[in-house]
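Required output: the full structure, derived from the provided sequences and hints.
The primary structure of each chain is shown beneath.
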Amino acid sequence: MVKTTEESRSTARAPATTPAWPSDLKMRATGLDFYYGGRQALYSIGLQILTGRITALIGPSGCGKTTFLRILNRMYETVPHARPEGEVFLDGEDIFSLDVVGLRRRVGMVFQKPNPFPKSIFDNIAYGLRVNGMDRHSTLAEAVERSLRRAALWEEVKDQLHKSAYALSGGQQQRLCIARALAVEPEALLLDEPCSALDPIATAKIEELLFNLKDLCTMVIVTHNMQQAARVADYTGFFLMGRLIEFNKTAVIFKTPARKETEDYITGRFG
Amino acid sequence: MASAPTTVDHVRPPGRTWEFIKRLRRGDEVAHLITLLAAASIIVVTVMLVYQLYTNSTLPRHKFGFSFFLGKTWDPVSGEFGALPFIFGTVVSSALALLVAVPLGVGAAIFLSELAPPRISNVTTFVIELLAAVPSVIYGLLGIFILVPVLRKGVMPFLKTTLGFLPFFQGPIYGVSMLAGGLVLAVMIVPFIISVSREVLMAVPVEQREAALAMGATKWESTWQVVVPFARVGIMASVFLALARALGETMAVTMVIGNDPRISASLFAPGYTIAAVIANEFTEATGDLYLEALIELGLVLFLLTILINGLARLVIIATTQKGAAQG
Ligand SMILES: Nc1ncnc2c1ncn2[C@@H]1O[C@H](COP(=O)(O)OP(=O)(O)OP(=O)(O)O)[C@@H](O)[C@H]1O
Ligand SMILES: [Mg+2]
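Those sequence lines, one after another, are chains A and B. Just so you know, my numbering puts 185 at position 185 of the first sequence, and the rest follows in order with no gaps. Take the position in the second sequence, starting the count at 1, then add 1000; the result is the number in my numbering.
The set of hints was computed from the structure by calculation and includes no laboratory data. It is possible that part of the hints are untrue.
[As the list claims (entries may be wrong)] Subject to a maximum C-alpha distance of 20 Å in a straight line, what follows is the list of computed DMTMM-like cross-link-like pairs (lysine to aspartate or glutamate):
| # | chain 1 | residue 1 | chain 2 | residue 2 |
| --- | --- | --- | --- | --- |
| 1 | A | LYS158 | A | ASP123 |
| 2 | B | LYS1219 | A | ASP99 |
| 3 | A | LYS249 | A | ASP234 |
| 4 | A | LYS113 | B | GLU1207 |
| 5 | A | LYS205 | A | ASP192 |
| 6 | A | LYS249 | A | ASP24 |
| 7 | A | LYS113 | B | GLU1210 |
| 8 | B | LYS1219 | A | ASP215 |
| 9 | A | LYS249 | A | ASP199 |
| 10 | A | LYS214 | A | GLU246 |
| 11 | A | LYS158 | A | GLU145 |
| 12 | A | LYS214 | A | ASP199 |
[As the list claims (entries may be wrong)] Computed list of chain A residues with no C-beta within reach of chain B, every gap over 10 Å:
| # | residue |
| --- | --- |
| 13 | GLN48 |
| 14 | ASN115 |
| 15 | PHE122 |
The beta-carbon is built from N, C-alpha and C at its ideal position, and this holds for glycine as well.
This is the structure:
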């Protein structure tokens, strides 16, 4: 029942695409190459990101995980002479022909280093809402509370919403950044090593949070932490030197990888 | 502090370790002393400066007291000295300069750091920094030969016919005027504002820009709502640096401001600044009272600068605490 409405919505939005866009599919990349100037960083990546699932990207440093992630919301456009070739679809629409501001509102991003604005906790979260045209204070306050609750930060900060975000701990700042990204209600959330600057306890909190957010939005997470991928992700892709070596259910990747390179990496034989 | 170590150090011979530690300590002490001396010498120079200005202006201070600050006449012949027209001229010409230079300079800095291609930005900045090194007498000449005629023949008549109902644009048109002084100052300080603000803007972390973009902000929204506020303390610092230069500028101003100690609401009227009057009248000051009145003007300029810088500091502290921004 729910499926049919979703299906009709996505097809209505994208009449141009071939067959019907499956409703359990959020994004799809096909034959995706990427160049930094003359240097190729990605080679014909093909990957499907399923709705409401967490997809992890793993691989050794410099293999192109961040590069791939930053294509999905076209954040690569801030790098001069960076250029993708190939196709990426979001709900059946070609992301390269979408309006970039609208695309980024639909596909949010959380960065490696917590990067709150030097404003109050409230204003950090309200920023995205204001940019997207929500100005009324009452609805703003509701939305801020909702986002903070979703990011499991509300209880810790509800009495100090007007204090500087810089007064929070690193883990709290990162959850604030997640709350900030969630405030504009994105359909998908991209996370680039969101826990790499955090201690194990803060990391565990964020992992739990991601797990609880699955119903709300689709997530793609880059991580160097193998256990983290195994813990939180439904699907895992292994990158090596700009290529997607293997992509499958997380359990399959970690227990019975099809490729030798994947196995070597997972068992720590290189990387 | 055993001079003969009893334990064996496996890494290096004990004697060398001790030497090393001693060297380190002595080096630190020396560095500490040198930097302390450097810092102290600045304070000593400042104190000596104020002391000299103070002791060498006893005559007018005793004669006029506080009314020196409020006196409107400056008449060496009858021995009447009041600083108000000069304070007025200094403050108004500097304020006028800021009014023009701040929007221009900050705007240019935003363009150079955020929008221009890096190569163009670097070349332009190099040229702008050259401008900051041009001697002020050259600006004065440009003011006399280009700015003043343009003001007299074009700008001022135009302002008079269009905005002449405002008190700022009334009275006879000479060309040399408070307006000319303020504009020359604006041209002189704009390079400071541009080059410092550009540095500050470029130092804003990419993560800040990307955080805004990732939420669906446009390039301009991320620049104006995130990057500029993040850099605002540094931008303000650049403005105050420029203001300090404007307050003390002598040569270029005296060449175009008209050197007439009067207080007029009209920007078309000539004026006079503290620095300009000291430079112009110091050599021909006859009599101790005249000379010491000029020295007291120097003291006034010093106090004015301190006052304005103090206010600036307060502004910075107030705005940083509000947003609790600390880059
Ligand atoms: N802005 C850039 N300009 C030029 N080359 C870049 C740029 N960013 C990344 N690269 C190159 O692209 C390749 C992939 O980089 P990428 O950052 O995507 O790797 P990564 O898998 O995220 O690595 P890490 O795990 O260290 O974050 C690397 O060889 C890197 O040198
Ligand atoms: Mg990376």
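- prompt: So which of the earlier hints does this model not fit?
  reply: 8, 9, 10, 12 and 14
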